[in-house]
Amino acid sequence: MHVTVISPERTVFDGPADAVVAPAYDGQVGILPRHAPFLTLLGSGMLTVSGGEAGRFRVAGGFLQVVGDEVRVVADRVEIS
Amino acid sequence: MAKPRELRRRIRSIQNTRKITKTMELVSTSKLKRAQDRVVGARPYARALAEVLGDLYAPDLAERFPLLRQPAADGTKRVGLVLITSNRGLCGAFNANLIREARRRMQELEGQGVSIDLHLVGKKGISYFKFTKRAVASQRTDIGDKPTAAHAAELVAPLMAQFQAGTLDAVEVVFAQFKSAVSTPPTTLRILPVTPPRADRRLGGSAVSTGTDALSAQPPNRLSAYYILKPSADAILESLLPLYVRNQMFRALVETAAAEHGARRTAMKNATDSAGDMLDLLRRTYNRARQAVITQELAEIVGGAEALKG
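Keeping their order, the protein sequence lines are chains C and B. Sequence positions in the first sequence follow my numbering and run 346 to 426. Sequence positions in the second sequence follow my numbering and run 67 to 376.
One thing to keep in mind: the hints can contain errors.
[What the hints assert, rightly or not] A few chain C residues that face chain B, going by a derived Cβ cut-off under 7 Å, partial list only: (1) I351; (2) P353; (3) R355; (4) D363; (5) A381; (6) P382; (7) F383; (8) L384; (9) L386; (10) S389; (11) T393; (12) R417; (13) V419.
[What the hints assert, rightly or not] Stretches of chain C that chain B covers, calculated by requiring three or more beta carbons in the stretch to come under 8 Å of a beta carbon on chain B: (14) 367-379; (15) 395-409.
[Said to hold, decoys possible] Simulated restraints on C-beta separations: (16) A227/B / Q373/C: 46 to 56 Å; (17) A405/C / A203/B: 27 to 37 Å; (18) G372/C / A162/B: 48 to 58 Å; (19) R130/B / G413/C: 36 to 46 Å; (20) Q373/C / G177/B: 52 to 62 Å.
In short, the hints are calculated from the structure, not lab data. On a predicted model such as this, the values are computed, not experimentally measured, just so you know. In this text, a Cβ means the ideal position worked out from N, Cα and C, and glycines have one as well.
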């Protein structure tokens with residue numbers, strides 16, 4: 346699946362991945378390929394993208410959206426760590 | 067005709083000025099490039115946010131969310147106007163145009179009996195309104211030409227609070243829209259109450275297609291119907307609306323910064339060009355003057371020699 350991590354200033358991550366673990370407003374949420382369409386608010390915490398190009402980000406606020414094979418993490422604040 | 071020495075001095079002074087304007091042109095060209103990248107970089111976020119809000123929004127939500135509250139029937143009474151200008155000059159009519167747009171809007175609003183809270187960003191706007199002795203609600207100069215989302219958040223937070231409390235009926239921003247490096251029309255954008263973006267774009271071409279008439283034809287077409295939404299459409303809308311407002315302010319800041327560099331580059335290019343033209347003319351005049359002096363001296367010498375012979 347294809348993952349993009351977007352901050353207000355720029356696109357921080359854009360590439361293929363096997364799994365995404367994101368801090369939703371009420372706890373961690375894991376996204377694997379072929380997930381159902383999904384839209385949730387983000388809390389704050391660590392976002393992990395694994396497989397393909399891996400990446401770890403500290404995110405806060407915003408939302409996560411899954412449509413088809415696309416995962417979009419649109420966060421109000423993103424820091425690469 | 068002017069004296070050769072004076073001409074020489076003017077030529078030198080114009081050459082120096084041209085060096086400065088030429089350098090500033092080059093500097094703004096590279097800064098413009100980076101500012102432009104920032105404008106482009108900010109687009110995916112704005113687009114993603116607009117898409118989701120457009121999907122979740124329904125006209126009947128307006129009463130439930132304070133940020134969507136339309137002004138009461140008896141009209142708007144108090145409007146917050148944010149004017150974004152640059153901190154530095156030497157960019158042609160850039161700031162003058164922004165200030166003119168702001169004044170036009172203020173006159174329009176005051177004509178309708180609306181009182182205005184003026185919020186200024188950038189030294190140029192501040193010094194203008196200081197000159198006209200108009201009361202200003204807030205002013206800041208620390209944003210400069212690299213605005214961040216945090217700047218936008220700071221700027222918008224008090225305005226959103228006042229809007230939600232009902233002390234402001236609308237908030238507008240006057241900024242330079244960055245259409246291209248040479249086209250940066252000053253624009254007034256109403257950021258509060260939120261005008262929800264239209265839901266006519268789809269991510270990845272999947273799910274169902276909504277026509278461009280998505281706004282009129284409603285529920286069955288809405289993307290949100292096919293989503294698992296957590297916590298709920300209302301809650302998501304509630305926390306994304308402030309982000310949307312903030313992002314619009316951010317966009318205004320970023321575009322104005324890019325437009326400033328574009329305007330400065332154009333202004334400096336014109337200055338460099340006309341310095342070149344002036345130099346051409348002065349050099350020609352100088353050479354003519356120099357030749358005239360030589361000719362005259364020769365004539366005097368020849369005349370003197372003739373006189374001695376006689």
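Results of checking the hints against the structure:
no. : hint                        : result
1   : I351                        : holds, 5 Å
2   : P353                        : holds, 4 Å
3   : R355                        : holds, 4 Å
4   : D363                        : violated, 18 Å
5   : A381                        : holds, 6 Å
6   : P382                        : holds, 5 Å
7   : F383                        : holds, 5 Å
8   : L384                        : holds, 5 Å
9   : L386                        : holds, 6 Å
10  : S389                        : violated, 13 Å
11  : T393                        : violated, 19 Å
12  : R417                        : holds, 6 Å
13  : V419                        : holds, 5 Å
14  : 367-379                     : holds (count 3)
15  : 395-409                     : holds (count 3)
16  : A227/B / Q373/C: 46 to 56 Å : violated, 32 Å
17  : A405/C / A203/B: 27 to 37 Å : holds, 29 Å
18  : G372/C / A162/B: 48 to 58 Å : holds, 54 Å
19  : R130/B / G413/C: 36 to 46 Å : violated, 31 Å
20  : Q373/C / G177/B: 52 to 62 Å : holds, 55 Å
Of the numbered hints stated above, those contradicted by the structure are hints 4, 10, 11, 16 and 19, listed in ascending order.
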